[in-house]
Amino acid sequence: MKKYLIETDNLTKKFDGFAAVNSINLKIPQGGIYGFLGPNGAGKSTTIRMLLGLISPTEGKAKLFDKSIDKDRLDILKKVGSMVENPSYYAHLTAYENLNIIREILNVEKSEIERVLNIVGLLEVKDKKVKKFSMGMKQRLGIAQALIGNPELLILDEPTNGLDPAGIREIRALIKGLPEKLGITVVVSSHILSEIELMATDVGIINKGNLIFQGSLEELQKRSLAQIKIGAEPKKEAIDHLLKRGYQVEERDKYIYIKEFSSPSILTKELVINNFEVYHISEDKSNLEDIFLDITRKENQDEITNIN
Amino acid sequence: MKLPILIKTELSKQRRGFIWLMILGIPLGTTMAMFLDMYIRYHDYLYVKGQELGFTSWDILLRENHRVLGWGIFLPLFIAVIATIIHYTEFEEDNWKKLLTLPVRRWEVYISKLITIVIFSFIMIALNSLGLVLVGKVIGFPEAINYRLYGEYILYQYVAILGVVALHNFLSSHTKNVIIPVVIGFLGIIVAPGVLSKNPDLAKLIPYTYTYYINNLNVGNSSIALYGGIISMILISVVGILSFNKKDIL
Numbered sequence: 001m002k003k004y005l006i007e008t009d010n011l012t013k014k015f016d017g018f019a020a021v022n023s024i025n026l027k028i029p030q031g032g033i034y035g036f037l038g039p040n041g042a043g044k045s046t047t048i049r050m051l052l053g054l055i056s057p058t059e060g061k062a063k064l065f066d067k068s069i070d071k072d073r074l075d076i077l078k079k080v081g082s083m084v085e086n087p088s089y090y091a092h093l094t095a096y097e098n099l100n101i102i103r104e105i106l107n108v109e110k111s112e113i114e115r116v117l118n119i120v121g122l123l124e125v126k127d128k129k130v131k132k133f134s135m136g137m138k139q140r141l142g143i144a145q146a147l148i149g150n151p152e153l154l155i156l157d158e159p160t161n162g163l164d165p166a167g168i169r170e171i172r173a174l175i176k177g178l179p180e181k182l183g184i185t186v187v188v189s190s191h192i193l194s195e196i197e198l199m200a201t202d203v204g205i206i207n208k209g210n211l212i213f214q215g216s217l218e219e220l221q222k223r224s225l226a227q228i229k230i231g232a233e234p235k236k237e238a239i240d241h242l243l244k245r246g247y248q249v250e251e252r253d254k255y256i257y258i259k260e261f262s263s264p265s266i267l268t269k270e271l272v273i274n275n276f277e278v279y280h281i282s283e284d285k286s287n288l289e290d291i292f293l294d295i296t297r298k299e300n301q302d303e304i305t306n307i308n
Numbered sequence: 309m310k311l312p313i314l315i316k317t318e319l320s321k322q323r324r325g326f327i328w329l330m331i332l333g334i335p336l337g338t339t340m341a342m343f344l345d346m347y348i349r350y351h352d353y354l355y356v357k358g359q360e361l362g363f364t365s366w367d368i369l370l371r372e373n374h375r376v377l378g379w380g381i382f383l384p385l386f387i388a389v390i391a392t393i394i395h396y397t398e399f400e401e402d403n404w405k406k407l408l409t410l411p412v413r414r415w416e417v418y419i420s421k422l423i424t425i426v427i428f429s430f431i432m433i434a435l436n437s438l439g440l441v442l443v444g445k446v447i448g449f450p451e452a453i454n455y456r457l458y459g460e461y462i463l464y465q466y467v468a469i470l471g472v473v474a475l476h477n478f479l480s481s482h483t484k485n486v487i488i489p490v491v492i493g494f495l496g497i498i499v500a501p502g503v504l505s506k507n508p509d510l511a512k513l514i515p516y517t518y519t520y521y522i523n524n525l526n527v528g529n530s531s532i533a534l535y536g537g538i539i540s541m542i543l544i545s546v547v548g549i550l551s552f553n554k555k556d557i558l
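Protein chains in written order, with my numbering: chain A, 1 to 308; chain B, 309 to 558.
This is chain A alone, in the form it adopts within the complex (with noise of 0.2 Å):
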């Protein structure tokens, strides 16, 4: 049985009865890359603040390591490096002094200290003051502040904001592995799915405050299902045909798609032996971005079919 090292239930944060995160239940297995997906605004750092017991949820419960963050706060976070949102510093001290402060609150060894800024290749400027770091700098700090320690659960949201494109690369290929090197479970928010694609194992999207997918990577892909985009003439007619074969149909752009079908072959015959000319028949297979788009575009329609 697969053991998870989050789990929420129907996890609910209201604001002025703005419901930002809306009856979640997370299930985020031990081990590995849990990339939490959704646009700006879905409710990602809601729920991360809930989870680190940062704001207290309106309904349900969150739980971490088997155990409540409400009731056994200090237990869980001794467990748990954090980085929420935008990397904190002090930006008047140098990364060793800001790092110094969490190492002795932690109670740690000093030697902690050179160990993350090792890792993510701070080591040469550890006497630099913050406030002269750039945005990559700070973003690797939040990193390294949030590995002291060695928690077995390392909680990012957006590490790669605001980053240029080599950055971003340096962040993920850390993140990668981190599972493997140094066995953390991480926790990936990100607005950007090729991030999340590239880096996770696990998935969970969020948009508007409901989670509209869990799962692994690899089910996620699953649901990008080929279709058969067929140009046929007479194309009313040969709609028609395919409907009462029990097919499903969807018209569009001047052509004819079918989701579940036997195969290209198959159809092809079909129409050409009932007198159709078939001029177009291709496969049409969707990439993770368009399941992530139609996903959340279907969650936004159905709550304006809700409100109407």
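Certain hints may be false.
[As the list claims (entries may be wrong)] Derived list of chain A stretches under chain B, where covered just means 3 residues or more per stretch with a C-beta under 8 Å from a C-beta of chain B: (1) 44-56; (2) 241-249.
[Stated by the list, open to error] Here are the computed lysine-lysine pairs in the DSBU-like style, where the Cα-Cα straight-line distance is at most 30 Å: (3) A:K208 - B:K555; (4) B:K357 - A:K78; (5) B:K554 - A:K67.
Source of the hints: derived by calculation from the structure; they are not laboratory data.
Here the structure is a predicted model, which is why all the values come from computation and not from measurement.
The beta carbon of each residue, even a glycine, is placed where N, CA and C say it ideally should be.
Given chain A, put chain B in place with the hints provided.
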């Protein structure tokens, strides 16, 4: 128990910070102002007037500092600024969310801030009095220094400010806007003398008035400075901790 470590880290956060400029600069300013005051008025006027009223030169210096220069009036405002600086350190780069995701109890964080404000305020008060001693020595007061008087002056201030420390620890922990607690502090020192003269009973409930009771310098009954400081600190801190424990860190 992480409180001692939290206090230590609070102090290290202020390393190279603006707060030191304030803690050292304000007493330096009061020392210079009192030196000028004594240099200009001591021999011709203050000493003679003091003799008439039965005050020693050291008594006069203390009164000049507390009442004429207005140290007793402005002290709560200085404390408001100290509290604001200490809390702004957390607000500036969203450090609250980092600090409170570490394994520390919220009440310990809250109290560590309170103690840090107290430490900086105590240093500033002690330096102000040390500056006065220095002025007396340089001017060459004929009487021996009354250490008891100056010791009591410092200790009474230490206790009298506790209510204002607690109040501004509470206010500054709740708002990112640094102007609000400083404006409240400013209004506090403006309103305090008016309430003291018109409604002395109500004044006992306002922490901004407690510095007026020190050493009976402005108004009588120094015990109000002591009891008021301690009781108001406890009450305000209890409310502050309850509120801080429930506060959402957004």
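Status of the hints after comparison with the structure:
1. 44-56: holds (count 6)
2. 241-249: violated (count 0)
3. A:K208 - B:K555: With a Cα-Cα distance of about 24 Å, the restraint between K208 (chain A) and K555 (chain B) holds, given a limit of 30 Å.
4. B:K357 - A:K78: 66 Å, violated
5. B:K554 - A:K67: With Cα atoms ~20 Å apart, K554 (chain B) and K67 (chain A) stay inside 30 Å; holds.
Hints 2, 4 from the earlier list are contradicted by this structure; the remaining hints agree with it.
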